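Undergrad: All chains should be built: construct the whole structure from the sequences, respecting the hints.
Each chain, written out:
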Amino acid sequence: MQLEQILQYSFSGLSTGAIYALIGIGFSIIFNATGIINFAQGEFVMLGGMLTLFFLEVLQLPLWAAIPCAVAVSALAGMLFERLAIRPLRRPTPLNLVIITIAGSILIRGLAMLLWGKDTHAIPPFSGDQPISIAGATVLPQHLWILAITLLVIAVNKFFFYHTISGKAMRACSYNRRAAGLVGIDVRRMVLLSFIISSVLGSLAGIIVAPLTMTAYDVGIMLGLKGFCAAIIGGMSSGVATVVGGLILGVLESLGAGLISSGYKDAIAFVILLLILFVRPQGLFGKAESERV
Amino acid sequence: MRRDLLKFLLFAVAILVAPLAFKGGYLMNVLVFAGINTMLAVALNLLLGYAGQISLGHAGFFGLGAYLSGILTATYGWNAWLAMPLAALAVGMLAGLIGFPILKLKGHYLAMATLGLGIIIYIVFNETVDLTGGPSGFSGIPNLAIGSLVFDNDLKNYYLIWAFTLAVVLFCLNLARSRVGRALRAVHDSEVAARVMGVNARILKVQVFALSAVISSLAGSLYAHTMTFVSPASFGFNFSVELLTMVVIGGLGSIYGSFLGAALLTLLPELLRGAQDYDILIYGGLLMVMVMFLPGGLVRGIPDLFRKLAGRGEGAGNA
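Residue numbers (our numbering), protein chains in the order written: chain G, 1 to 293; chain E, 1 to 319.
Because the hints were derived from the structure by calculation, they are not lab data.
Keep in mind the model is a prediction, meaning the values are calculated, not measured.
Built from N, CA and C at the ideal position, the CB exists for glycine as well.
Just to be clear, a hint being listed does not mean it is correct.
Covered by chain G, per the in silico footprint, the following chain E stretches (three or more residues, Cβ under 8 Å) [to be verified]:
#, segment
1, 110-116
2, 144-153
Residues of chain G clear of chain E, computed beta-carbon distances all greater than 10 Å [as the list claims (entries may be wrong)]:
#, residue
3, Glu-4
4, Leu-89
5, Arg-109
6, Ser-133
TA: The structure is reproduced here in structure tokens:
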């Protein structure tokens with residue numbers, strides 16, 4: 001096996017891994033605020049891609065305008081989801097929450113299919129598709145966009161959670177919801193906010209990956225699950241651990257697909273997921289009590 | 001006790017005479033599927049409704065039963081009556097083995113892990129092309145036969161499938177009422193309390209998981225032998241969700257509820273033929289409405305709803 005090939009696989013693995021990381025952070029933000037694993041997270045990824053396409057082709061907006069519009073509509077969808085499905089739940093047992101978020105994901109997917117049909121669509125890359133050569137491996141400009149945007153998002157995320165009042169309030173909720181409520185934090189608002197933030201992150205991931213992998217009404221399932229894998233590897237932290245988790249997953253998957261078999265590419269992620277759940281459910285880097293949010 | 005038996009006999013008789021009302025035709029075929037789905041829903045309900053452990057991977061066990069039975073009979077020329085129990089045994093053992101680590105997980109984590117398991121199985125169906133025919137499917141599976149009686153039309157299949165389904169229903173009704181059933185409910189309500197009372201919760205959960213996989217595998221084998229063709233598309237994540245929907249709609253922890261949910265969800269797409277593509281929308285909507293407004297499922301929810309409506313009528317000022 002040539003070194004160049006391995007390098008090539010690693011590069012593409014890093015950029016898909018960055019996508020998984022973004023989705024994974026969305027999972028952990030909601031999990032930390034509410035204890036819910038949002039099975040509909042992948043659907044927001046799909047919404048990101050499909051909405052961008054909609055604004056580009058139907059409304060003829062330029063890309064720089066279509067992206068924020070798509071993110072805004074996804075955020076709205078996330079907000080509606082929390083208000084209409086999660087909040088009214090009278091007995092929020094884990095089982096009910098699993099079922100309601102699965103139901104939500106099916107509904108969103110169904111609506112997307114109704115609106116936009118079953119075809120797969122391509123979104124143009126942000127800045128051309130002229131490959132760039134790095135150390136013998138080639139990289140598409142989109143790969144660099146993905147890495148750059150992911151880094152930016154993580155920086156903003158960090159700033160939000162550690163240097164703004166709302167971010168600190170959300171962290172307080174994740175440590176102890178009752179105590180947070182007692183000191184005057186509106187816990188319900190924070191839960192709503194967590195859904196909005198994670199749908200924004202998800203849709204962003206969907207938008208930046210769409211030029212590479214195409215988008216369709218049902219791409220959300222797999223991307224969502226991979227994102228969850230990343231979150232699990234990272235121990236449900238919304239920081240660096242999940243990013244590293246996503247990158248590890250992306251690279252392993254890409255190497256596995258290249259060196260073993262591309263057909264089993266998706267299976268690799270799930271085998272990793274199962275192994276981690278069995279052996280270290282607290283994540284690769286977590287002590288039993290890891291830093292949350 | 002006697003009332004339960006009476007209820008079951010009524011149910012069995014209704015199933016027996018149903019074909020008279022429908023006089024064959026396309027609907028018979030749908031009713032065959034209703035039987036298979038009932039079996040699957042009852043199996044999942046044992047795990048979900050009684051033991052409180054979610055699984056989003058049951059389509060995988062269903063598929064394993066179908067493929068094992070299909071491959072053993074069509075490729076290796078086994079007798080189907082031998083292949084079916086063997087497939088069930090193998091699937092049960094697999095589930096038992098995986099059950100130990102997987103059932104240590106709870107709630108959302110268990111859901112995700114079983115989902116991952118189901119998807120891995122699905123991918124294996126697609127990728128082991130030499131064995132399963134891959135995405136294009138596996139055909140030439142023989143029908144079941146007893147002597148010269150070959151189960152090769154819808155009516156015969158109806159009675160074949162429902163004989164098995166009734167047996168499974170009876171078995172599960174008995175199980176639910178037995179000591180084991182009570183232990184399961186105890187585990188559902190509080191695992192710690194159940195442990196204190198001397199229930200070995202860990203082993204019990206694995207046993208139920210394996211049992212429900214065995215029943216699912218059996219349903220899969222029957223499906224393979226009635227359809228004579230299987231393809232991975234029938235055993236994906238969507239079908240696991242469909243099964244979950246059946247159990248939830250019918251009512252968690254109610255065997256007859258599972259029948260109701262399975263029958264409803266099998267018939268619904270047929271009734272809404274025009275809405276062919278919207279079925280996922282309907283499943284999603286139904287699931288959401290059920291969890292939000294009828295968390296007990298149809299079996300408990302409808303009487304409750306009536307009571308509530310009646311109550312509201314009487315005490316309008318108090319609400």
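Undergrad: Hints first: check each against the structure and report whether it holds.
TA: Quick rundown of the hints versus the structure:
Check on the segment 110-116 of chain E: 5 of its residues sit with their Cβ under 8 Å from a Cβ of chain G, so the three-residue criterion for coverage holds. With 0 residues bearing a CB less than 8 Å from a CB of chain G, the segment 144-153 of chain E misses the requirement of three and the coverage assertion fails. Look at G/Glu-4: its CB is around 27 Å from the nearest CB on chain E, clear of 10 Å, so calling it non-interface holds up. With a minimum CB-CB distance of about 6 Å to chain E, G/Leu-89 fails to clear the 10 Å threshold, and the non-interface call is violated.
Annotated as non-interface, G/Arg-109 brings its C-beta within 10 Å of a C-beta of chain E; the closest such distance is 6 Å. The claim that G/Ser-133 lies off the interface holds: its Cβ sits roughly 33 Å from the closest Cβ of chain E, which is beyond the 10 Å cut-off.
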